[in-house]
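J.: The whole structure should be built from the sequences, with the hints applied where relevant.
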Amino acid sequence: MFSNHREIELKVLSSKIYTIAWSNSGTMLAAGDYEGKVRIWKPESTKESFELVKNNSHVTKLCWSPTNEEHLAVATFDKILNIFNVSKKAPVNVFHTFGGNINMSWSPDGKYLAVGNRDDCLTIYNLQTGATLSHTKFNFEINEMCWDNSVSEFFLATGKGPILVFKFPEMTQLRELSGHITNCYSIDMDPSVS
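FYI, the numbering for the sequence shown is 1 to 194, going by full-length UniProt numbering.
It should be emphasised that the hints constitute simulated quantities derived from the structure, not laboratory data.
Quick caveat: nothing in here was measured; it's all calculated off a predicted structure.
Positions of the beta carbon are idealized from the N, C-alpha and C atoms, including for glycine.
Hints are not guaranteed to be accurate.
Here are the simulated lysine to aspartate or glutamate pairs, DMTMM-like style, with alpha carbons at most 25 Å apart [to be verified]: (1) K37 / E51; (2) K89 / E176; (3) K16 / D78; (4) K79 / D188; (5) K137 / E176; (6) K137 / E153; (7) K89 / E35; (8) K42 / E70; (9) K79 / E176; (10) K88 / D78; (11) K111 / E69; (12) K88 / D119; (13) K16 / E35; (14) K89 / D119; (15) K167 / D148; (16) K111 / E44; (17) K137 / D119; (18) K160 / D119.
Pair by pair, the computed Cβ-Cβ distance ranges are [what the hints assert, rightly or not]: (19) S3 / F98: 40 to 50 Å; (20) V165 / T27: 29 to 39 Å; (21) P43 / P169: 29 to 39 Å; (22) G161 / A90: 19 to 29 Å; (23) N139 / G26: 37 to 47 Å; (24) S3 / Q128: 38 to 48 Å; (25) N68 / S3: 31 to 41 Å; (26) K16 / S192: 31 to 41 Å; (27) N139 / H5: 18 to 28 Å; (28) K16 / L177: 12 to 22 Å; (29) D119 / T27: 30 to 40 Å; (30) N24 / K89: 11 to 21 Å; (31) P169 / K137: 17 to 27 Å; (32) E44 / I181: 24 to 34 Å.
T.: Below you can see the structure in the form of structure tokens.
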């Protein structure tokens with residue numbers, strides 16, 4: 001599988017890296033650090049990078065738009081969610097969230113962004129209108145989240161172990177998928193499955 005790979009050494013940030021994310025095409029790599037910096041590399045064309053932004057708080061999650069290669073969502077612990085146009089190095093949208101952001105997921109159609117915070121609140125933003133679509137406080141730990149590829153179901157990993165499945169956009173719970181007896185931290189959807 002990796003017999004034809006080549007190693008590229010990239011200049012890292014000066015602080016502890018909290019999150020990394022590859023663009024959907026695999027041509028850009030973003031890294032966010034404890035000091036609030038976001039740096040972008042284009043590893044195939046150059047080892048050089050550029051600093052996208054310096055935030056006031058540490059970067060907790062990065063997420064590339066599935067429909068626009070230039071848009072990167074940056075969640076920080078100080079209740080800010082920025083969407084940047086990477087080539088212009090400028091914000092496209094800024095959201096003031098309800099708590100210290102820890103997880104984030106972009107819907108496959110690029111229309112919604114879900115953010116989970118340290119207070120176990122889940123907020124979903126409609127990116128076309130800029131409005132909050134839903135805001136839910138859970139009485140247990142919530143972790144990563146994702147949509148199915150048709151954007152009709154929403155999946156949420158929990159600290160209880162099960163994965164909760166919701167009908168989207170109504171956010172009514174459809175079922176609970178059990179398979180873990182302890183925390184489930186990560187979840188993702190196979191993009192080839194419809």
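J.: All the hints need checking, so say for each whether the structure fits it.
T.: Checked hints:
Of the supplied pair hints, the one linking K37 and E51 holds, its CA atoms being roughly 7 Å apart against a limit of 25 Å. A hinted pair counts as satisfied when its Cα atoms are at most 25 Å apart, and K89 with E176 does not qualify at roughly 41 Å. Restraint check: the Cα-Cα separation between K16 and D78 comes to about 17 Å, which is no more than 25 Å; the hinted pair holds. In summary, the hint linking K79 to D188 is supported, as the alpha carbons are separated by about 24 Å, within the 25 Å threshold.
A threshold of 25 Å between alpha carbons decides the hint, and for K137 with E176 the separation of about 17 Å falls inside it, so the pair holds. A threshold of 25 Å between alpha carbons decides the hint, and for K137 with E153 the separation of about 19 Å falls inside it, so the pair holds. This hinted pair checks out: K89 and E35 have alpha carbons roughly 18 Å apart, not beyond 25 Å. As the CA atoms of K42 and E70 are separated by approximately 13 Å, the hinted pair is consistent with the 25 Å bound.
For the hint linking K79 to E176, the alpha-carbon distance of about 29 Å lies beyond 25 Å, and the restraint is violated. Restraint check: the Cα-Cα separation between K88 and D78 comes to about 24 Å, which is no more than 25 Å; the hinted pair holds. Pair hint K111 plus E69 holds up; C-alpha atoms about 14 Å apart against a cutoff of 25 Å. A C-alpha spacing of about 33 Å is found between K88 and D119, which places the hinted pair above 25 Å, so the restraint is violated.
With a C-alpha separation of about 8 Å, the suggested pair K16 and E35 falls inside the 25 Å cut-off, and the hint holds. Between K89 and D119 the CA atoms are separated by roughly 31 Å; this puts the pair beyond 25 Å, and the hint is violated. The straight-line distance between the Cα atoms of K167 and D148 is roughly 10 Å, inside the 25 Å bound, and the hint therefore holds. A hinted pair counts as satisfied when its Cα atoms are at most 25 Å apart, and K111 with E44 does not qualify at roughly 29 Å.
Under the criterion of a C-alpha separation no larger than 25 Å, the hint pairing K137 with D119 is consistent with the structure, at around 8 Å. About 15 Å separates the Cα atoms of K160 and D119, which keeps this hinted pair within 25 Å; it holds. In this structure the supplied range 40 to 50 Å holds for S3 paired with F98, their Cβ-Cβ distance being about 47 Å. Between V165 and T27 the beta carbon distance is about 33 Å. The supplied range of 29 to 39 Å therefore holds.
Restraint check, P43 to P169: a C-beta distance of roughly 37 Å satisfies the suggested window 29 to 39 Å. Checked against the hint of 19 to 29 Å, the C-beta distance between G161 and A90 comes to roughly 42 Å, which is inconsistent with it. For N139 and G26, the hinted distance range of 37 to 47 Å is satisfied, since their beta carbons lie about 39 Å from each other. Look at S3 against Q128: about 44 Å separates their beta carbons, and that is inside 38 to 48 Å.
Between N68 and S3 the Cβ separation comes to about 33 Å, which falls inside the hinted range of 31 to 41 Å. K16 and S192 have their C-beta atoms about 34 Å apart, which keeps the hinted 31 to 41 Å range intact. Take N139 and H5: their Cβ atoms lie about 45 Å apart, and the range 18 to 28 Å is violated. Range check, K16 to L177: about 33 Å between beta-carbon atoms, so the 12 to 22 Å window is missed.
For the pair D119 and T27, the beta carbons lie near 36 Å from each other, so the given range of 30 to 40 Å is met. A hinted range of 11 to 21 Å for the beta carbons of N24 and K89 is consistent with their spacing of about 20 Å. P169 and K137 have their C-beta atoms about 18 Å apart, which keeps the hinted 17 to 27 Å range intact. Checked against the given bound of 24 to 34 Å, the beta carbons of E44 and I181, roughly 42 Å apart, lie outside it.
In summary, the structure is inconsistent with hints 2, 9, 12, 14, 16, 22, 27, 28, 32 from the numbered list given earlier, while agreeing with the others.
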